[in-house]
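Q: Once you have looked at the hints, place chain L on chain W.
Quick note, the sequences are listed as chains W and L, same order. Numbering follows my numbering, in which position 124 of the first sequence is assigned residue number 124; successive positions increment by one, without gaps. Numbering follows my numbering, in which position 107 of the second sequence is assigned residue number 107; successive positions increment by one, without gaps.
Just to be clear, a hint being listed does not mean it is correct.
[As the list claims (entries may be wrong)] Straight-line distance between alpha carbons at most 27 Å, and here's what the computed DSSO-like set of lysine-lysine pairs gives:
no., chain 1, residue 1, chain 2, residue 2
1, L, K99, W, K94
2, W, K22, W, K161
3, W, K163, L, K82
4, L, K410, W, K163
5, L, K410, W, K161
6, L, K410, L, K240
7, L, K99, L, K82
Bear in mind the hints are in silico, worked out from the structure with no lab data behind them. Predicted model, so just to flag it, every value in this text is computed and none were measured.
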Amino acid sequence: MSAQIEKQNGQQYPVSFEQHHKISCFLAYEYRLLDEERFDDWLALMHEDIHYWMPGIENRRRENLLEHGFYAADHMAYFDDGLRDLGRRVARFKQPSAWAENPATRNVHQVSNIEVYYGETDGEYVVHSVFQSVRSRGLDEQYVIHGRRRDLLVQEGGSFKIKQRLILIPNATLTCKNINTFL
Amino acid sequence: MSNIIKTIDVTDSLENLKEVCDIEDGRISGRIFYDQKIYEQELEKIFARCWLFVAHESQIPNTGDYVTTTMGEDEVIVIRQKDGGIKVFLNACPHRGNKVCFAESGSTRGFICNYHGWSFNVAGNLVGQHESGIYEASDFDKAKWGLKEVAQVESWKGLVFATFDPEAPTLQEYLGPMTWYLDALFDNQEGGTEFVGGCIRSTYDCNWKIAAENFVGDILHAGWTHDSAARAMLGGSVAKVSDFEESYSVNWNGHGYEFALDTVGNVAVLGESALNKYLHTIKPSVAERLGEFRANMIGAVSSCTLFPNFSFLAGQNTVRVWQPRGPNKIELFTWVVVNKSAPQEIKEKWRKGAMMTFSPTGVFEMDDGENWEYCTKTAKGRVTAAQDLYIGLGMNSRAEETSLPGNVFKGQLNEANARAYYQQWFDHLSTKRWSELPNRNFGKQEAE
Numbered sequence: 001m002s003a004q005i006e007k008q009n010g011q012q013y014p015v016s017f018e019q020h021h022k023i024s025c026f027l028a029y030e031y032r033l034l035d036e037e038r039f040d041d042w043l044a045l046m047h048e049d050i051h052y053w054m055p056g057i058e059n060r061r062r063e064n065l066l067e068h069g070f071y072a073a074d075h076m077a078y079f080d081d082g083l084r085d086l087g088r089r090v091a092r093f094k095q096p097s098a099w100a101e102n103p104a105t106r107n108v109h110q111v112s113n114i115e116v117y118y119g120e121t122d123g124e125y126v127v128h129s130v131f132q133s134v135r136s137r138g139l140d141e142q143y144v145i146h147g148r149r150r151d152l153l154v155q156e157g158g159s160f161k162i163k164q165r166l167i168l169i170p171n172a173t174l175t176c177k178n179i180n181t182f183l
Numbered sequence: 001m002s003n004i005i006k007t008i009d010v011t012d013s014l015e016n017l018k019e020v021c022d023i024e025d026g027r028i029s030g031r032i033f034y035d036q037k038i039y040e041q042e043l044e045k046i047f048a049r050c051w052l053f054v055a056h057e058s059q060i061p062n063t064g065d066y067v068t069t070t071m072g073e074d075e076v077i078v079i080r081q082k083d084g085g086i087k088v089f090l091n092a093c094p095h096r097g098n099k100v101c102f103a104e105s106g107s108t109r110g111f112i113c114n115y116h117g118w119s120f121n122v123a124g125n126l127v128g129q130h131e132s133g134i135y136e137a138s139d140f141d142k143a144k145w146g147l148k149e150v151a152q153v154e155s156w157k158g159l160v161f162a163t164f165d166p167e168a169p170t171l172q173e174y175l176g177p178m179t180w181y182l183d184a185l186f187d188n189q190e191g192g193t194e195f196v197g198g199c200i201r202s203t204y205d206c207n208w209k210i211a212a213e214n215f216v217g218d219i220l221h222a223g224w225t226h227d228s229a230a231r232a233m234l235g236g237s238v239a240k241v242s243d244f245e246e247s248y249s250v251n252w253n254g255h256g257y258e259f260a261l262d263t264v265g266n267v268a269v270l271g272e273s274a275l276n277k278y279l280h281t282i283k284p285s286v287a288e289r290l291g292e293f294r295a296n297m298i299g300a301v302s303s304c305t306l307f308p309n310f311s312f313l314a315g316q317n318t319v320r321v322w323q324p325r326g327p328n329k330i331e332l333f334t335w336v337v338v339n340k341s342a343p344q345e346i347k348e349k350w351r352k353g354a355m356m357t358f359s360p361t362g363v364f365e366m367d368d369g370e371n372w373e374y375c376t377k378t379a380k381g382r383v384t385a386a387q388d389l390y391i392g393l394g395m396n397s398r399a400e401e402t403s404l405p406g407n408v409f410k411g412q413l414n415e416a417n418a419r420a421y422y423q424q425w426f427d428h429l430s431t432k433r434w435s436e437l438p439n440r441n442f443g444k445q446e447a448e
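Just chain L, with the same shape it has in the complex:
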């Protein structure tokens, strides 16, 4: 297996990280959004270690179907194998490092490097070169020079994740009990989900964590930031989250899901009554499949981030990855997810509705972008970046008696998930390998 990737040397942790991220004290500082040294640590200690979302299975149904994406700033090819499995390769030729696949998606029998004609099959093996005779004369061993394959690839209900780190825990272990909640969107009907075709990419001058943290547990901003969009789409303000009788913030290993149980609060902002109706129609079957509790989540006011940079909104059905491009820049990749079994006209309404609300032209996203960019840009100031930022809402809101899995906190207007997210960030930056990572989970592994 000589095509398996070489792991990188992990450098020492930065000193005094606690000055910029002290979760017990409920504070972080803007430096974590702007500092180049911190960013370099993130690339090796988070993006070269964690499980990262790379594709949805539905994007690559047949042998040779591929998409290209990035894991951190590393470019990769995600390609369906003959045996139905999926491999993920570095998108770089092992001869001089040139990119071997320039398209974002397609179907192929292999990849040929433009530089010296090195040719690779779907399995990543080197199968030929321009002027191949001269390689034989150099005792060249083809078997050693295939495309470099990432250490681990696993799927969970259509979502494909990969990690560069052979020591990373299994995906199941990494996600832990969060999968119980993810089912509310990704497994609420027989057949699961699929992505609508295409991927919209845009560029923000913001730090990747600002955006990821927004989805991990910040519904607080919605009523204020998105007032204009809500009025445009609904003719009134968004649902007042503090009025919900029951809502939660749940986290695990830095992942977080905040949600109410109002079934259609999120989907309603798409302004398409047919979609509300669809969710109400499938709800009894969801209840049968997942139970009443999760049936209430299918399109409820909610958001989720899986550490470090994969996020989605159930109801709006936008799925996204905040791709890091330096400490103060991201590329946002967005997709639309729908139930495979949904009627075509319902899928079509989601395709349009998700774009109308959460995309570069989305009436909701417009106001997010401005906030995230300036949360980042103010940290350019050396003095500003050193000041404390408050992150202490809901400090004592742990749900002591609950049958729900995960680390459960009462109420979704709560910074518990954001704290858990930054704590995980801190823990990764403070350690060199998975075995040293502290386990801060206190909740149940499974629902009771």
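This is chain W alone, in the form it adopts within the complex:
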């Protein structure tokens, strides 16, 4: 899966130690917002042209691969969102009648294996990372999702906006009932 992500990038130039640190902190901050259910603050980190994409993973033979191997742009996806779509998802989380969010789902989002490269345009960065999302609901439900991400971040003032996010999980069958969080 990682090999496919690499292929789409061509030549890569890593950023400075300092910039790497800033972006690592940004990703940790973004995840803390989710864990604290600060959805509006999280939404504010999205670029107006955000493409937030988590394609469905298809279990195909090597000789029968799809456009991107295990996934394709015109196939089904968990998320294939613009800003309006993400806003609608956040709007549901905020409804008092979101019955399945009360009691709340308790989240821990973790990000690691962060690699940061200069993007093709000034002020843009290609960021690879690995994530782990742990959710617990009720007394005993626990769901863990692992995956890889490729983000395109854009520098805005002293901070960043997320312009593209590709989320790839290894699973062709989700081992839980839903993904009631962002990854």
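A: Frame of chain W; chain L shown alone:
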């Protein structure tokens, strides 16, 4: 035809089934969602007997194109033949039973088992083995050891169904007049429908019937369960179903379709005005094709389940199978269906819209999953599972004078379809073969 599957011995029915499912009395009990013995009966008396959805024709257009799926817990390969037909095989090598196809879809000239190299062509015939010489020395008859082919496969307007039971009625007979209603989604335009690429699978800790029953006739939950999603997508609550002047619950052989006639109530929740517009644009041609009544159904507030575990929503265009994985677990397979003739940008909006609303990340489905899991989990309690659950809404709502086909009930806020569904479930579990199954249909076979 030695590759035809061996049928299983059907065991005796469980005693006292009426304690857990008494439809005349309007009650069921939670045991039917949690009991292992009941589940085993379901696998042999329902999933090894009924017509089950296995693929859409558009997924396998060319010779050698295949998808894999399950019929009950039995793994099968659905593959397009040279003559254009479709065969369904057990996905198990007839030598030691190893799985022969590990991919979910693809295109191939055949399958080779990883274990001893048994090799099968598209028609399922055994065409070779590793060290084939030693088989000849054992007087091995290749013709007898192909992939096991299920008893019957039939298509209806692109939907491919299969059954393990050679005694099962024809698909047409099985679906009966429900096909008249299914046309509203699957044949409302020339060329019919196709599936968007891919299949999303997820896992619920719930009984398969809870989910299937939700789609067979439970619009009642929508206004309450899905309030948050409706507000997120529409900025307001969902359409108040009790305000509709005319709506119906129709069933046949345990299948059920509940619907209003508001044309766009379902599609509206996708929050894409272009899709509402598309349905309004095609509506006159649908009226010409299917008549005014069904033209009002194309994206109306509605849901449908074909017994036992195939469901869809016209308008949201989500199609799904609730695959049983034990009494309290399912795998949900979902697809998106679109009209073949629809413009590409319309198909694209449906692809995204269906996922945004009804999928593991769908804002509507989130709240369903929680309900279905806990309807199942509470039945873990021995005492809780023995209590009656009410299923009596609309007991006396039969539409006496109607020109509509099927068993027709007035109003979609009605548990008539759920009752018919569980009655069919009861009847299957109470009988050993199709010829013993009582016929409880009272409606018309065809529209007048």
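Q: Would you pick out the hints that fail for this structure and give their numbers low to high?
A: As far as the earlier hints go, 1, 3, 4, 5 are violated by this structure, in ascending order.
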